[in-house]
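**Student:** The chain contents come next:
2 protein chains.
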Amino acid sequence: MTSDNGAAPQQDVLLHTSALHGSLEDASLSSMNFLNEIAQRYPDAVSFAPGRPYEGFFETDLVHDYLRRFEQYLREEKGYDEEQVRRVLFQYGRTKGIIHELIARHLELTEGITVDPDSVVVTSGCQEAMFLVLRALRRDERDVVLAVSPQYVGFTGAARLLDLPVLEVAGGDRGVDLESVADVVAGARARGLRPRALYLVPDFSNPSGVSLDVDTRHALLDLADRLDLLLLEDNPYGYFSADGERLPTLKSLDTKHRVVHLGSFAKTGLPGARIGYAVADQPVTGADGGTGLLADQLSKIKSMLTVNTSPIAQAVIAGKLLTYGCDLRRANEREIALYRENLERLLDRLARHFPPEGGSGVSWNVPRGGFFLVVTVPFEADEKLLETSARDHGVLWTPMRHFSTDPAALCQIRLSFSLVTGERIDRGVERFADLVARRAG
Amino acid sequence: MTSDNGAAPQQDVLLHTSALHGSLEDASLSSMNFLNEIAQRYPDAVSFAPGRPYEGFFETDLVHDYLRRFEQYLREEKGYDEEQVRRVLFQYGRTKGIIHELIARHLELTEGITVDPDSVVVTSGCQEAMFLVLRALRRDERDVVLAVSPQYVGFTGAARLLDLPVLEVAGGDRGVDLESVADVVAGARARGLRPRALYLVPDFSNPSGVSLDVDTRHALLDLADRLDLLLLEDNPYGYFSADGERLPTLKSLDTKHRVVHLGSFAKTGLPGARIGYAVADQPVTGADGGTGLLADQLSKIKSMLTVNTSPIAQAVIAGKLLTYGCDLRRANEREIALYRENLERLLDRLARHFPPEGGSGVSWNVPRGGFFLVVTVPFEADEKLLETSARDHGVLWTPMRHFSTDPAALCQIRLSFSLVTGERIDRGVERFADLVARRAG
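One line per chain: the protein sequences are A and B, in this order. Position 228 of the first sequence, counted from 1, bears residue number 228 in this note's numbering, the numbering being contiguous throughout. Position 423 of the second sequence, counted from 1, bears residue number 864 in this note's numbering, the numbering being contiguous throughout.
Don't read these hints as lab results, they were simulated from the structure. Please note that the accuracy of each hint is not assured.
[To be verified] Derived SDA-like pairs (lysine to any residue); straight-line CA-CA distance at most 20 Å:
1. Lys519(B) - Pro43(A)
2. Lys256(A) - Thr458(B)
3. Lys256(A) - Pro484(B)
4. Lys256(A) - Leu455(B)
5. Lys78(A) - Thr501(B)
6. Lys384(A) - Asp729(B)
7. Lys256(A) - His457(B)
8. Lys519(B) - Lys78(A)
9. Lys697(B) - Thr60(A)
10. Lys256(A) - Asp729(B)
11. Lys697(B) - Thr17(A)
12. Lys519(B) - Gln40(A)
13. Lys78(A) - Pro484(B)
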């Protein structure tokens, strides 16, 4: 076909990734795609791979119940008439969200975090909250952020979209190595860079499963103050303590607005609502000398990114909050018990298959809750081995090398115990032991 | 309070916008905030300002009905068992979305657009779709995009978040000035820049109300081909034709993958679902030589931005699509009729108050549908005048200067006729005429 106007023949558009954003050529993204793809190719494998919440308690009627509960709240607690109820649920709405008051109540009740609801920004999943904060903090190419290693890939991915470098900080046994934080900040400043914030998951971290003890939390807040660094506290797993102990969040200890608290309802509410939030109560002064909240700056960015978060999706989460008196620990009693059982069973089966005296060279950490633990094996655990594991042994896991540049990670794997239960755990560990035996033999 | 370790006293965090992303200091964002704020201060004013769909047909039960309808579809058409239904609705899901097949069916039926469902990316509102496309296309500081003037602020906002310059192209009476497109592209290339795409709303544009005729559509496709430019076609208002004529979308005329089609269900489905999509069937080759779809590149970006779009929100829109046989024109018969009446009434009242022989110096364009028209007045229409208009005359509108650098825009205002109906329109035009009389007198 030639063009109507006698010009050169029309050509089909053909783009090349080298003409698109650099993130699209990153090896890490291809790796994540490979992990997803292998899970699809071996659907019958026992999978310790995904960090998804347990599905067995989902009920379709719940969505309807939760929506009705929120409608009732709007009528009875907020005093809205039917027209207002419909407008809140269906029309374009407040950029920062419509369930901020319930989230603030929930944070006060279950996390000891007392904040003005106006400092809460409700987002399309916690991933958007991370992006909003990073977009606000990256002014130009001198800005950098820090993240505790091993790192959550969602955070590094959001930073990558902004061409924002993430400097790795050692995690170690305490969950964050404070000396490493100070060293990385000093090194960056010496190179003319501006370290803006440190990202971490203080409770049952993804992927390591490690938690910070109380002393480390206080020491980290002090250090952040001395270094003039914000802390980005991501808290998806806090409720899922195996021993019932709930350590105070960094935000609840924060008297100086050092902490931006990132919340997710994907594990405690319903993943399919895709509702997260940021608590950003930092004061911000503008060119006009007026002072507002960082939340309002995030809101401006959100207005250009997703406009506002679906009020219908927000209503589902609000309905669940209301049903349980804003206490999602109560709402998750069955889940908390199940994840504890899973963790205990997984630890038990690992101990049976790899006894200390057996000389297998296999070891693992013992998290106090959450979704993940890390196994160290006496050989490299890469994508090729994962494929062998899936094909020949029917068991899936995640190579730790995706989360860290630490050489130790080359021989480590992440096992998730949130989605797989009971005898599937036994079978999975058996199969994993077969893989280890074959690899060692 | 002093720090525990004897270091300098802890200070409260205080951020300054000069240390945050430049978009947060933009005058345009402050302007949008001013417009929202003034609407809140004068809630009783007749408002021709917001581009929101009519609210009178919202019904809370519909959300439940639509959700049930989609559940039924999963069971009956997809053959899913209850566990699969629950997983699709509630668990993390496919990054590109779960209603892509229904969207493809809808595009085929009502827009004459035939695409592989795999080229559809379902997004958290059309705003996210714009951001994904722009993020993919901006590799570095040499990349720029073009937009027809006057411009939709959502597009310029998304570009601003990426530090991606938007070059203004003249719109003129035909909706796009092709010479201007060629000139701007040539000029940019001469400066070493890479013009990647031209953004426009071909049907009943926001804010001008202007549509491209069929010849212009063909000519624009040819030109894009010759200039090797992508076209970003945004189509929120296409159904809302006042005279019943529906011109072919650019995408339906596109035989060479020149067009990325951006869709929104905010006006045709339900704003509160926040569901939009991109049709991105452009072939993309990677470093490995393999070829995929641009949609898959957008999906990778989405995985780092919002992970996936709420399946519950998607289900609501899918339920509406299914209820009306994937024909949202049928679903919107009442809305289409109402917007036509509103437009006719607004034109009639304008003609009564500002007769051609009256010498008022007030004129306006006559769109063939959509939500907006543009009025030209014989004085500058700025924020100060808007405040006067709201306070003293009880009528709200939007200064066109927010959408264009064209000096003509200084004396123009946008009137939206989607949310205001019947006698409120009469009253609004009356009040506006009072403002004009006062300003002229």
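**Student:** Compare the structure with each hint and give your call.
**Tutor:** Okay, the hints, checked on the actual structure:
1. Lys519(B) - Pro43(A): Satisfied, since the Cα-Cα distance of roughly 19 Å is no more than 20 Å.
2. Lys256(A) - Thr458(B): holds, 19 Å
3. Lys256(A) - Pro484(B): violated, 38 Å
4. Lys256(A) - Leu455(B): holds, 9 Å
5. Lys78(A) - Thr501(B): OK: Lys78(A) and Thr501(B) at ~17 Å, within 20 Å.
6. Lys384(A) - Asp729(B): At roughly 18 Å apart (the allowed maximum being 20 Å), Asp729(B) and Lys384(A) satisfy the hint.
7. Lys256(A) - His457(B): holds, 16 Å
8. Lys519(B) - Lys78(A): Given pair Lys519(B), Lys78(A) is violated - Cα atoms ~41 Å apart, limit 20 Å.
9. Lys697(B) - Thr60(A): violated, 43 Å
10. Lys256(A) - Asp729(B): Violated, at about 50 Å.
11. Lys697(B) - Thr17(A): This hinted pair holds, its Cα atoms lying about 19 Å apart.
12. Lys519(B) - Gln40(A): Holds. Lys519(B) to Gln40(A) sits at ~18 Å (cutoff 20 Å).
13. Lys78(A) - Pro484(B): holds, 19 Å
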